[in-house]
Amino acid sequence: IVVVVLVLVACFIFCLFKKCFGKKKKPKKVRERKTGRRKKEKEGEGDAGEKLIVGILQAQDLAAMDMGGTSDPYVKVFLLPDKKKKYETKVQRKNLCPVFNETFIFKIPYAELGGKTLMLQVFDFDRFSKHDIIGEIKIPMNSVDLGQPMQQWRDVESGEKEEQEKLGDVCISLRYVPTAGKLTVNIMEAKNLKKMDVDPYVKIVLQQNGKRIKKKKTTVKKNTLNPYFNESFSFEVPFEQIQVRLQVVITVFDYDKLGSNDPIGKTFMGYGATGVGLRHWSEMLANPRRPVAQWHTLLHEEEVDAALKAKPR
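The end of the sequence shown is residue 318 by the numbering used here, with every number in the run present.
No lab work stands behind these hints, which were simulated from the structure alone. A hint or two may mislead.
Claimed, not checked - Taking lysine-lysine and the DSS-like style, the derived pairs with C-alpha atoms no more than 30 angstroms apart in a straight line are:
hint: 1; residue 1: Lys171; residue 2: Lys227
hint: 2; residue 1: Lys220; residue 2: Lys314
hint: 3; residue 1: Lys135; residue 2: Lys88
hint: 4; residue 1: Lys88; residue 2: Lys200
hint: 5; residue 1: Lys196; residue 2: Lys219
hint: 6; residue 1: Lys81; residue 2: Lys121
hint: 7; residue 1: Lys187; residue 2: Lys220
hint: 8; residue 1: Lys91; residue 2: Lys112
hint: 9; residue 1: Lys227; residue 2: Lys200
hint: 10; residue 1: Lys227; residue 2: Lys262
hint: 11; residue 1: Lys171; residue 2: Lys222
hint: 12; residue 1: Lys112; residue 2: Lys199
hint: 13; residue 1: Lys143; residue 2: Lys187
hint: 14; residue 1: Lys88; residue 2: Lys121
hint: 15; residue 1: Lys135; residue 2: Lys81
hint: 16; residue 1: Lys196; residue 2: Lys262
hint: 17; residue 1: Lys121; residue 2: Lys171
hint: 18; residue 1: Lys143; residue 2: Lys81
hint: 19; residue 1: Lys91; residue 2: Lys121
hint: 20; residue 1: Lys171; residue 2: Lys199
hint: 21; residue 1: Lys91; residue 2: Lys143
hint: 22; residue 1: Lys56; residue 2: Lys89
hint: 23; residue 1: Lys226; residue 2: Lys196
hint: 24; residue 1: Lys196; residue 2: Lys135
hint: 25; residue 1: Lys219; residue 2: Lys314
hint: 26; residue 1: Lys171; residue 2: Lys143
hint: 27; residue 1: Lys99; residue 2: Lys56
hint: 28; residue 1: Lys143; residue 2: Lys99
As the list claims (entries may be wrong) - Just the calculated beta-carbon pair ranges, DEER-fashion:
hint: 29; residue 1: Lys89; residue 2: Thr229; range: 37 to 45 angstroms
hint: 30; residue 1: Pro86; residue 2: Pro296; range: 37 to 45 angstroms
hint: 31; residue 1: Pro296; residue 2: Asn147; range: 43 to 51 angstroms
hint: 32; residue 1: Glu194; residue 2: Lys90; range: 38 to 46 angstroms
hint: 33; residue 1: Lys89; residue 2: Glu194; range: 35 to 43 angstroms
hint: 34; residue 1: Pro86; residue 2: Ala185; range: 13 to 21 angstroms
Being a predicted model, the structure only gives us computed values, none of them experimental. Idealized CB from N, CA, C, for every residue including glycine.
Please build the complete structure, drawing on both the sequences and the hints.
Shown next as structure tokens:
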């Protein structure tokens, strides 16, 4: 479980805000940080106005988002509702218990803090596509007692991708029978599709080593943002090939009788997948002969194409 230690120290017009994902720090560590703050004040760096100082210390037991069973975490720090100033820690490579020890400063009058919420979002860095959010913590500043030192443990809760355009979701069932070498993909339904001139259908592409092996299509559902398909497609995949750079790519299109069909959104499972795509594929392999259904959030075509070409970490 991921937990947070919150330490607040108020001194005159200053607030020392330490944030720690993980185990409680020893008193010695806290005293060392306080000493460093007082030293800066003596140097004239701490008397320029009221400030909120946020220190990101460490995290523990973060979720694994990559194929290799690890993550490349970093933390975004900002105040709601304005989001005027955003900070990011450095990325800690292949580490589910990262140590950051980074400090960020928000110049804000004490009187305005009560209307703010401190937001910390933990992301998994990805070089070639948008970063997966691992979780987030929201701390309303009016719930924090700045008058005395305080320690609190807080869970990192699951969060949604920041400012991500909603393209919709698709429900997919996967089933693999090793003895028959048969992979079955069932396109069950979609919901909340992006508003277009929507006559949706789904294209399924099976590819290996970056090359298309087979492709299938569902029927077109007329004039709906929440189509129900329940259409199954089978592919011959020998057992020795099921984990060899195999990818199932799902694209939802808007059918156009006269022009080109526009992609609404895309997702994939298998080699190189992260997050839900990785978990769905892994669960299918762990439960042979059993259908495994999962909702997938649709992403932009360019984002998924970049992830398909990237080498897993």
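Here is how each hint holds up against the structure:
Between Lys171 and Lys227 the CA atoms are separated by roughly 21 angstroms; this keeps the pair inside 30 angstroms, and the hint holds. Taking the CA atoms of Lys220 and Lys314, the gap is about 18 angstroms. The hint holds against a cut of 30 angstroms. With a C-alpha separation of about 20 angstroms, the suggested pair Lys135 and Lys88 falls inside the 30 angstroms cut-off, and the hint holds. Restraint check for Lys88 and Lys200: the C-alpha separation of about 28 angstroms stays at or below 30 angstroms, so the hint holds.
Between Lys196 and Lys219, the direct Cα distance comes to roughly 26 angstroms. Compliance with the 30 angstroms bound is thereby established for this hinted pair. With a CA separation close to 16 angstroms, the supplied pair Lys81 and Lys121 stays within the 30 angstroms bound. At most 30 angstroms may separate the alpha-carbon atoms for a hinted pair to count; Lys187 and Lys220 meet this at roughly 15 angstroms. As the CA atoms of Lys91 and Lys112 are separated by approximately 12 angstroms, the hinted pair is consistent with the 30 angstroms bound.
For a cut-off of 30 angstroms, the pair hint linking Lys227 to Lys200 stands: about 13 angstroms separates their Cα positions. Using a Cα cut-off of 30 angstroms, the hinted pair Lys227 and Lys262 holds, with the two alpha carbons roughly 12 angstroms apart. For the hint linking Lys171 to Lys222, the alpha-carbon distance of about 23 angstroms falls within 30 angstroms, and the restraint holds. Distance restraint check for Lys112 and Lys199: the Cα-Cα separation of roughly 39 angstroms exceeds the 30 angstroms cut-off, and the hinted pair is therefore not satisfied.
For a cut-off of 30 angstroms, the pair hint linking Lys143 to Lys187 is broken: about 46 angstroms separates their Cα positions. Taken as a hint, the Lys88 and Lys121 pair is honoured in the structure, with Cα atoms around 10 angstroms apart against an allowance of 30 angstroms. Pair hint Lys135 plus Lys81 holds up; C-alpha atoms about 14 angstroms apart against a cutoff of 30 angstroms. Taken as a hint, the Lys196 and Lys262 pair is honoured in the structure, with Cα atoms around 22 angstroms apart against an allowance of 30 angstroms.
A threshold of 30 angstroms between alpha carbons decides the hint, and for Lys121 with Lys171 the separation of about 26 angstroms falls inside it, so the pair holds. The hinted pair formed by Lys143 and Lys81 meets the criterion: a straight-line CA distance of about 12 angstroms does not exceed 30 angstroms. Using a Cα cut-off of 30 angstroms, the hinted pair Lys91 and Lys121 holds, with the two alpha carbons roughly 14 angstroms apart. Distance hint between Lys171 and Lys199 is fulfilled; the C-alpha atoms sit about 7 angstroms from each other, no more than 30 angstroms.
Only pairs whose Cα atoms come within 30 angstroms are accepted, and Lys91 paired with Lys143 is accepted, the gap being roughly 15 angstroms. Straight-line distance between C-alpha atoms of Lys56 and Lys89 comes to about 15 angstroms, which keeps the hinted pair within the 30 angstroms bound. Distance hint between Lys226 and Lys196 is fulfilled; the C-alpha atoms sit about 12 angstroms from each other, no more than 30 angstroms. For a cut-off of 30 angstroms, the pair hint linking Lys196 to Lys135 stands: about 22 angstroms separates their Cα positions.
With a C-alpha separation of about 18 angstroms, the suggested pairing of Lys219 with Lys314 holds against the 30 angstroms cut-off. Taking the CA atoms of Lys171 and Lys143, the gap is about 22 angstroms. The hint holds against a cut of 30 angstroms. Straight-line distance between C-alpha atoms of Lys99 and Lys56 comes to about 33 angstroms, which puts the hinted pair past the 30 angstroms bound. Restraint check for Lys143 and Lys99: satisfied, since their Cα atoms lie roughly 25 angstroms apart, inside the 30 angstroms limit.
The hinted window of 37 to 45 angstroms between Lys89 and Thr229 holds, with their beta carbons roughly 41 angstroms apart. The hinted window of 37 to 45 angstroms between Pro86 and Pro296 holds, with their beta carbons roughly 43 angstroms apart. For the hinted restraint 43 to 51 angstroms between Pro296 and Asn147, the CB-CB distance of approximately 48 angstroms keeps it satisfied. Against the hinted window of 38 to 46 angstroms, the Cβ-Cβ separation of Glu194 and Lys90 comes to about 42 angstroms, which satisfies the hint.
For the hinted restraint 35 to 43 angstroms between Lys89 and Glu194, the CB-CB distance of approximately 41 angstroms keeps it satisfied. Separated by about 55 angstroms at the C-beta atoms, Pro86 and Ala185 break the suggested range of 13 to 21 angstroms.
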